[in-house]
Amino acid sequence: MTSNDSITWFLACRMEDVPANGGVCVKYRDEQIALFHFARRGEWYASQNLCPHRQQMALSRGMIGSEGSEPKVACPFHKKTFSLVDGHCMNGEECAIKVYPVKVEDGSVFIGVSTCEEEVYG
Amino acid sequence: MKVIVVGNGMVSYKFCEKLRKRLGPEECGITVYGEEQRPAYDRVHLSEYFSGKSADDLLMAPASWYTEQGIRLVTGALVTGIDRVNKKIVTHKGTTDAYDILVLATGSAAFVPPIPGVDKQGVFVYRTIEDLELMTDYAKKAKKGAVIGGGLLGLEAAKAMLDLGITDTRVIEFAPRLMPRQIDDAGSRMLQSKLEELGLRIHTSTSTAEIFGEPAMKGLRFTDGTELEADMLVISAGIRPRDELAVAAGLEVGPRGGIVVDERLQTTDTSIYAIGECALYKGMIYGLVAPGYEMAEVVVSGLTEGLGTKVFQGFDMSTKLKLIGVDVASFGDPFAEGAGCRTVVFEHSAKGVYKRINISSDGKYLLGGILVGDAESYNILLQTCKNKIVLPPDPEDVILGSRGGQGDGGAGVSGLPDEALICSCEGISKGEICQAVSAGCETVDSIKQCTKAGTGCGGCLPMVKDLMVHTMKAQGKYVRNVLCEHFGYSRQELFDLVKLQGLKTYDEVLDQLGTGDGCEVCKPAVSSILASLWNEMILQKNNDTSQDSNDRFLANIQKGGTYSVVPRIPGGEITPEKLIVIGQVAKKYNLYTKITGGQRIDLFGAHLNDLPAIWEELIAAGFESGHAYGKALRTVKSCVGSTWCRFGLMDSVSFAIRVEERYRGLRAPHKIKSAVSGCIRECAEAQSKDFGIIATEKGWNLYVCGNGGSKPQHALLLATDLDSETCIRYIDRFLMFYISTADPLTRTATWLNKMEGGIDYLRNVVVNDSLGMAEQWELDMQRLVDNYACEWKAAVTDPEIRKRFTHFVNAPQEKDPSVKFEPMREQKKVADWK
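These protein sequence lines are chains A and B, in that order. The opening position of the first sequence corresponds to residue 1 in the numbering used here, with each subsequent residue numbered one higher. The opening position of the second sequence corresponds to residue 1 in the numbering used here, with each subsequent residue numbered one higher.
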């Protein structure tokens with residue numbers, strides 16, 4: 001992850017727009033970002049919405065959960081699961097997803113994007 | 001050491017993988033030359049290219065794998081010469097490359113018999129992805145097809161032609177039977193009749209004299225003077241080892257081709273090895289992938305552990321495959337005859353099943369056999385044969401199944417010796433798998449990762465799982481059948497606990513009975529339990545995010561991320577007015593429409609945002625949810641019954657509607673299908689359903705625990721000649737018993753297969769009330785029936801729920817811009833997987 005000063009935070013939505021323990025899809029310019037609220041642990045995560053397995057815009061509609069303590073999301077198509085901490089695929093596949101930092105201020109949810117995409121997570 | 005591999009097929013890939021595992025890039029340089037542009041791909045599953053797999057899906061490993069492994073891969077390069085004195089190879093571009101060890105894995109090419117006209121347009125071979133691409137293009141304008149060769153590859157090629165839309169396809173075989181190397185005449189006749197049912201026409205004992213037409217072929221003329229019209233022909237008459245490089249280099253080759261090797265796979269030059277289909281060992285070419293892998297192993301072991309540590313001793317050529325949906329297998333000596341041998345044959349022509357086993361004359365050992373139409377017992381028969389396991393006193397039981405009605409007593413995997421080869425693709429024995437389990441691999445996935453067993457064709461996976469359970473039990477480990485890491489209970493235990501404690505939401509269940517955040521396994525399982533117990537609207541009380549993704553949006557997600565919509569059409573009966581409404585809705589929202597197998601209409605390609613509006617219109621016309629997205633009752637199919645049909649004994653449509661309306665929305669461990677037939681002609685196919693009802697002169701016969709799908713199973717007769725009320729009560733009991741005891745995602749057939757005592761026990765429970773649960777179950781079911789409400793109606797009228805049907809949370813009006821459609825036959829389809 002790059003240092004904070006190269007990250008731009010954009011307003012994604014209000015907290016209550018995201019279902020507890022589920023996800024929504026956020027539009028940012030021409031991109032689709034999946035945003036997840038782990039209400040049980042009070043944590044927020046964001047990743048690319050595209051599942052790299054079959055290139056489907058679907059991760060925001062997937063079920064979230066944990067393996068050990070690691071938060072993850074399962075793609076609705078073929079149940080490939082990805083870590084929301086570093087984006088690696090947890091079924092031993094080669095593909096990985098990009099993850100983004102999230103912060104909540106006064107009930108508003110912000111997602112951090114880097115001006116230089118590749119630096120966020122490669 | 002520097003190793004050069006010529007050829008980049010499956011065996012070449014496997015050789016590189018095995019060698020690199022033992023020697024790193026510093027110890028051993030590896031360079032691979034392949035003449036095709038693509039890196040190695042899976043030729044065994046080549047025909048899947050036609051059923052939608054892309055060339056990339058078939059890759060053994062992408063080019064990047066070679067880079068990561070420090071292997072130099074040169075594609076599109078033909079090696080044209082070997083300078084054995086200076087130990088160098090020369091490519092067609094004139095570049096040279098020096099080697100210490102040269103491995104020829106050049107494979108084979110299609111053998112094209114010298115028939116006049118084989119060079120005409122429209123004549124193809126079936127060997128590489130390029131061949132398939134050429135065929136695909138040409139097939140667009142072809143109507144009649146033919147395949148020369150009725151062997152394994154020929155039938156695969158015929159399947160490919162059918163997949164390409166050439167429904168009039170003939171197979172021409174020179175020998176008197178199909179697959180002459182694998183099966184006997186009777187087996188071939190059975191296979192032929194099965195294939196003909198599927199639309200292929202087969203000419204055996206037929207040889208082709210010429211291919212006519214100019215410049216494109218128009219047909220074949222046979223040696224008996226008859227002709228066959230065809231505008232496309234695939235020749236699949238066998239393989240020819242690619243030995244031209246070896247010939248040019250002066251290495252010894254066989255009279256009919258093939259590079260001669262010894263048991264160490266060395267050619268007549270000790271620095272040069274040959275492996276795979278180009279190698280000729282003791283006069284034989286091994287045209288399957290498993291022996292090729294074994295050869296790769298022998299050479300790698302020779303290079304790393306010393307020559308001769310392992311030797312190639314020939315290979316068992318037993319095979320099992322699915323040809324156009326028909327199982328065919330042969331093992332051991334399939335044709336054994338004579339004094340030392342007795343043969344047992346079982347033939348059931350109506351079912352298209354032929355089984356033959358050859359037994360030693362003392363009745364003790366299995367020598368080999370043939371299976372056509374049903375090859376489920378192949379794995380265990382092969383093991384029995386290879387490991388010389390003593391047969392039971394009635395050897396026919398091994399193909400007929402024990403007829404005592406009490407299952408096979410679990411002989412199965414435990415009787416096998418440690419050296420029994422379980423995964424023949426990767427050469428993994430029972431001992432290696434059991435060892436991996438003992439070392440801590442206690443899931444099938446971890447066994448796959450650790451031993452590679454089951455990573456080839458996957459046919460051995462059921463045995464791998466049985467071995468795992470068996471080994472864990474043998475170690476005194478209680479194989480606890482728990483849901484996942486978040487719940488230390490089986491589904492049945494959890495069902496009872498949730499019921500007892502009256503829990504209503506996933507969060508409550510996780511708080512009271514589980515740990516962590518849950519996952520994609522326990523969330524749908526618990527949600528299903530909650531729905532089966534209370535039948536409340538599944539998207540309320542924050543339960544929406546614990547539903548499986550389809551349930552969460554009350555629709556089936558399809559390729560491309562749109563959804564399909566299936567309104568309930570009970571019993572398949574629908575008025576013209578309702579048909580018109582479906583048509584209007586489909587038109588308005590631009591949906592692809594198709595009749596389903598369950599007598600309903602499926603509307604595809606709906607954007608998430610459009611779902612509530614679509615349903616609002618359907619509900620206004622009197623439709624309700626069909627629950628096609630849920631593990632729930634799907635449809636109750638019916639034939640037309642006594643109201644119209646001159647054979648009908650009972651009004652099957654009315655009864656189907658009654659049954660469907662009683663159980664609609666009922667959620668269960670897996671989907672439930674049903675059907676009602678008005679007479680024994682069984683037009684509704686009730687015997688392939690979870691519960692099926694067939695009218696008799698005296699009432700209804702009730703069948704249970706059947707299913708279609710990948711492993712079809714006929715339903716078994718539970719009770720006969722029932723009046724309608726009794727029939728419903730038995731179904732209530734049966735379904736509640738299933739719902740309260742089955743594992744997650746277990747269909748009724750699998751549930752019954754695992755039940756001790758089988759159908760006799762189930763009958764005792766349901767009909768004779770041996771557990772004393774009948775009254776309770778009937779009450780439970782009645783409560784669920786009374787609680788039913790259409791969940792789509794609830795969804796569209798609840799603004800909070802309705803709000804969730806948007807793609808972008810911050811742009812609710814916009815639909816997913818990545819969805820792309822293409823036109824097809826006056827409708828549309830979604831763009832293909834990437």
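To be clear, the hints were calculated from the coordinates, so they are not data collected in a lab. The structure presented is a predicted model; accordingly, all values stated were derived computationally and were not measured. Treat the hints with care, since some could be wrong.
BS3-like cross-link-like pairs, simulated, lysine-lysine; straight-line CA separation at most 25 angstroms [what the hints assert, rightly or not]:
1. K120/B - K79/A
2. K98/A - K815/B
3. K103/A - K803/B
4. K98/A - K141/B
5. K27/A - K803/B
6. K320/B - K218/B
7. K218/B - K144/B
8. K79/A - K87/B
9. K98/A - K671/B
10. K320/B - K588/B
11. K141/B - K120/B
12. K27/A - K98/A
13. K21/B - K79/A
14. K79/A - K144/B
15. K87/B - K2/B
16. K815/B - K27/A
17. K499/B - K388/B
Which hint numbers doesn't this structure obey?
-> As far as the earlier hints go, 1, 4, 6, 8, 9, 10, 13, 14, 17 are violated by this structure, in ascending order.
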